[in-house]
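J.: Chain A is fixed; fit chain B onto it per the hints.
Residue numbers (our numbering), protein chains in the order written: chain A, 1 to 222; chain B, 1 to 221.
Hints are computed from structural coordinates only; laboratory data are not their basis. Do not rely on the hints blindly, as some may be mistaken.
Claimed, not checked - Listed next, the in silico BS3-like pairs over lysine-lysine satisfying Cα-Cα at most 27 angstroms (straight line):
#: 1; chain 1: A; residue 1: 16; chain 2: A; residue 2: 181
#: 2; chain 1: B; residue 1: 70; chain 2: A; residue 2: 163
#: 3; chain 1: A; residue 1: 181; chain 2: A; residue 2: 118
#: 4; chain 1: A; residue 1: 118; chain 2: B; residue 2: 70
#: 5; chain 1: A; residue 1: 134; chain 2: B; residue 2: 70
#: 6; chain 1: A; residue 1: 118; chain 2: A; residue 2: 153
#: 7; chain 1: A; residue 1: 153; chain 2: A; residue 2: 58
#: 8; chain 1: A; residue 1: 199; chain 2: A; residue 2: 153
#: 9; chain 1: A; residue 1: 4; chain 2: A; residue 2: 118
#: 10; chain 1: B; residue 1: 74; chain 2: B; residue 2: 135
#: 11; chain 1: A; residue 1: 134; chain 2: A; residue 2: 153
#: 12; chain 1: B; residue 1: 74; chain 2: B; residue 2: 164
#: 13; chain 1: B; residue 1: 6; chain 2: A; residue 2: 118
#: 14; chain 1: A; residue 1: 118; chain 2: B; residue 2: 133
#: 15; chain 1: A; residue 1: 4; chain 2: A; residue 2: 16
#: 16; chain 1: A; residue 1: 134; chain 2: A; residue 2: 145
#: 17; chain 1: A; residue 1: 134; chain 2: A; residue 2: 118
#: 18; chain 1: A; residue 1: 134; chain 2: B; residue 2: 133
#: 19; chain 1: A; residue 1: 163; chain 2: B; residue 2: 133
#: 20; chain 1: A; residue 1: 181; chain 2: A; residue 2: 134
#: 21; chain 1: A; residue 1: 199; chain 2: A; residue 2: 145
Quantities reported herein were computed from a predicted structural model and do not represent experimental measurements.
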Amino acid sequence: MDAKNLIAFRVAQEMKDGDVVNLGIGLPTLVPDYLPEDVHITLQSENGFLGLGPLNGKTLPNLVNAGGKPCGMVPGTAFFDSAMSFCIIRGGHVDVTVLGGLQVDQEGNLANWMVPGKMVPGMGGAMDLVTGAKNVIVAMEHATKEGGAKILKRCTLPLTAAKKVSAIITELGVFRFIDGKLVLTEIAPGVTLDEIRAKTEAEFVVSPECCEMETPREAQPV
Amino acid sequence: MSQTSKQISYAALRPRLRDGMSILFGGFLGVGTPEGIVGEILDSGVRDLTIIGNDTGTPEVGIGVLVANKRVRKVISSHIGTNAETGRQMIAGELDVELGPQGTLAERIRCGGSGLGGVLTPTGVGTIVEEGKTKLNFDGIDYLVERPIRADMAILKAHCADGKGNLVYQRAARNFNPIMALAADFVVAETDAIVPTGDIDPDLVMTPGVLVHALILAGEQ
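So that you can see chain B by itself, here it is in the shape it has in the complex:
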């Protein structure tokens, strides 16, 4: 690892992994999830994880493998329907699942990373989502107060990075990744390519490098 690059190996992630930690993971049904980092977390043997992201993929794809291998204690997500194992463990009382609207999840993570104490959203008013939450009315409209989310670590998937950690995502793989880059104590991105610093047009940077602590070149051991 050079002084000018944030590049590390998968193995260098090991000392940062521990039982019971919370992890924000990018991806939508596995697209935009760093599969190599998920594999490293699985191989490390850590358990009792809290994982936070849009969905739990499938038992074979995306973050779902951690659920299928019983490494997860709690899931905060908007959708678990594509991973039967998440539902099975939830019904068996082995897994705590907190479901919330996708837009609300995105805003809670954005709040967690941007110094905000929460967000007011009309989504969920009049449904079971409002249970236990503060409701406020402004100008005749009811809003739920939704609180911020942060995690110990965020694991992202980028298409291209430079040595400073500036990130570019590809197509629909962007999804939750840029928001999660704001909201964790340690942010690591698995990327398909690492180019020399300066080679990414500054106008096209999607996540500023200062938010990214480490880069892993996808597939490189």
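Next comes chain A alone, as it looks inside the complex:
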């Protein structure tokens, strides 16, 4: 199993039955594939509905996800306008949002919407999601392709939101923000604390209850 699927599996174990969840594009969209059998969640799509589902081969007019791609919907789906969509998002009616990150820092700040001079796509709904969701999970590969740290003392890129991140899940481990501190709570099988320290710039505390990160039974250590 590759790093992205390993991360998606672990994120899926964070979901509780009945949660309303908004998934960012990319890696987060893999999460539903790994939900435990007894956990059923409702997916919110920022472009205006609750009940996003898999495509299952059949496309319907005017049914697309927040990436503009054809998608499916589950029985009981509700459509609404963009103001209602963001009332739901900002108003704390979304239990969990899962997003990718360019940088996260030890204060719980997230940067994931622009790289000045290089990439200025716009924030879309990300700022509202990170501000309003009850739990903000950043799901990302631990380091950049060049091996540089993404979990930093202080983000250098423009922020998506300040001090809103609840947890960071990477292929190497799980960090949570507890009482304003970044705490390492799980380490992936076959990974050492030294390796995590080497790839993490942020200062963090190792939880006294730090344990092995849950991975699929068939998964090989990365």
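T.: Below, chain B without anything else, positioned relative to chain A:
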């Protein structure tokens, strides 16, 4: 055009189009954008437009064709990443782009159409979005004051309309359309069908007809 119907042709829109006007456009990555009206605006030759909507589609889809054909002077939007031409013109200094959070954009337009002087939102606090904006604190929470948006014209895409202009949207094509119906001096909806007045269940009307000045049957010349 009968006295009991708001239906007009695409061509009847021409006299209302002018250089430098501001246009609110419905749609999310082109879904819910009135492609026929966008085509009419393109064919009219008007330029220096200010366009306001969620995103600038792609160079071929949605409002993006107006950007690709250099008819736009300013964009107010939450996302331009799917239209490389928007980014290119912005970096070249040819196009003014104002980016803001999607939920904030929706509320600013809703304010513009509902007599409100602005909205207080926590979104953007502690980010570059707060630059130049008034910040207020109530009950220990910081909020940004976000001001209303209105435009000269709103262009909407509906699935079904009746002669009074009552609108029903389909699935994810609703998005910004109902909010924009409130916030422009002239509101025109392109619709897949026009049914006799009274044929839409009043409980299912999504945009009340009094907000809609004109209807265009999609694809009808």
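J.: If a hint holds in the structure, say so; if it does not, say that too.
T.: Evaluated hints:
{"no.": "1", "hint": "16/A / 181/A", "result": "holds, 24 angstroms"}
{"no.": "2", "hint": "70/B / 163/A", "result": "violated, 40 angstroms"}
{"no.": "3", "hint": "181/A / 118/A", "result": "violated, 32 angstroms"}
{"no.": "4", "hint": "118/A / 70/B", "result": "holds, 22 angstroms"}
{"no.": "5", "hint": "134/A / 70/B", "result": "violated, 42 angstroms"}
{"no.": "6", "hint": "118/A / 153/A", "result": "holds, 23 angstroms"}
{"no.": "7", "hint": "153/A / 58/A", "result": "violated, 46 angstroms"}
{"no.": "8", "hint": "199/A / 153/A", "result": "holds, 12 angstroms"}
{"no.": "9", "hint": "4/A / 118/A", "result": "holds, 24 angstroms"}
{"no.": "10", "hint": "74/B / 135/B", "result": "holds, 26 angstroms"}
{"no.": "11", "hint": "134/A / 153/A", "result": "holds, 24 angstroms"}
{"no.": "12", "hint": "74/B / 164/B", "result": "violated, 33 angstroms"}
{"no.": "13", "hint": "6/B / 118/A", "result": "violated, 47 angstroms"}
{"no.": "14", "hint": "118/A / 133/B", "result": "holds, 26 angstroms"}
{"no.": "15", "hint": "4/A / 16/A", "result": "holds, 21 angstroms"}
{"no.": "16", "hint": "134/A / 145/A", "result": "violated, 30 angstroms"}
{"no.": "17", "hint": "134/A / 118/A", "result": "violated, 31 angstroms"}
{"no.": "18", "hint": "134/A / 133/B", "result": "holds, 26 angstroms"}
{"no.": "19", "hint": "163/A / 133/B", "result": "holds, 20 angstroms"}
{"no.": "20", "hint": "181/A / 134/A", "result": "holds, 18 angstroms"}
{"no.": "21", "hint": "199/A / 145/A", "result": "holds, 12 angstroms"}
Of the hints listed earlier, those the structure fails to meet are numbers 2, 3, 5, 7, 12, 13, 16 and 17, in rising order.
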